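Engineer: Sequence:
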Amino acid sequence: MLVEAFPTLFPDVPTRTTVIEHDIDIGSSPSVKQHAYRVNPKKRELLSKEIDRVEEKRLRCQGSLERVEFRYRREQLSDEDGKGLEDEMAIMNERIQKYGMSLRVLRGENRKNMMLSVALLAISALFYYTFIY
1 MLVEAFPTLF
11 PDVPTRTTVI
21 EHDIDIGSSP
31 SVKQHAYRVN
41 PKKRELLSKE
51 IDRVEEKRLR
61 CQGSLERVEF
71 RYRREQLSDE
81 DGKGLEDEMA
91 IMNERIQKYG
101 MSLRVLRGEN
111 RKNMMLSVAL
121 LAISALFYYT
131 FIY
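The sequence shown runs 1 to 133 under this note's numbering.
Don't read these hints as lab results, they were simulated from the structure.
Treat each hint with caution, since some may be false.
[What the hints assert, rightly or not] Below, simulated DSBU-like cross-link-like pairs (lysine-lysine); rule was C-alpha separation at most 30 Å, straight line:
no., residue 1, residue 2
1, 43, 98
2, 42, 112
3, 83, 57
4, 43, 112
Bear in mind that the values here come from a model prediction, so they are computed numbers and not experimental data.
Sequences and hints are given; from them, build the entire structure.
Structural biologist: Shown next as structure tokens:
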């Protein structure tokens, strides 16, 4: 293997080199700076919108829960009304927990896609500098 044949060229700890220089001629076009991505842009946009939608639902549910809790503490309620509000608070707490779990899953998928993108970029760079350059 090339890496094993020339261990001085491929150290375990990456360093900078002054031996070579790299430049891409883009002419008069403006430069484009963006992160590498594994997921196509449309799917990434949909994932982002889904995260925003779930966060919005969770915030609305938390606001409703706060209003119900305030009403429960402030008003003199009959046992039946108090029990009804307690049930409503329990349902809202369950929804908030469900939305929280959905957000964790969506954000985890988002992080996983980001890590895969970085890994693919690193592998591409290693391949380029090993075999092409």
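Engineer: None of the hints should be skipped; say for each whether it holds.
Structural biologist: Comparing the hints with the structure gives:
With a CA separation close to 23 Å, the supplied pair residue 43 and residue 98 stays within the 30 Å bound. Pair hint residue 42 plus residue 112 holds up; C-alpha atoms about 17 Å apart against a cutoff of 30 Å. Between residue 83 and residue 57, the direct Cα distance comes to roughly 25 Å. Compliance with the 30 Å bound is thereby established for this hinted pair. Proximity of residue 43 to residue 112 is assessed by CA-CA distance (about 14 Å); at most 30 Å being required, the pair is judged to hold.
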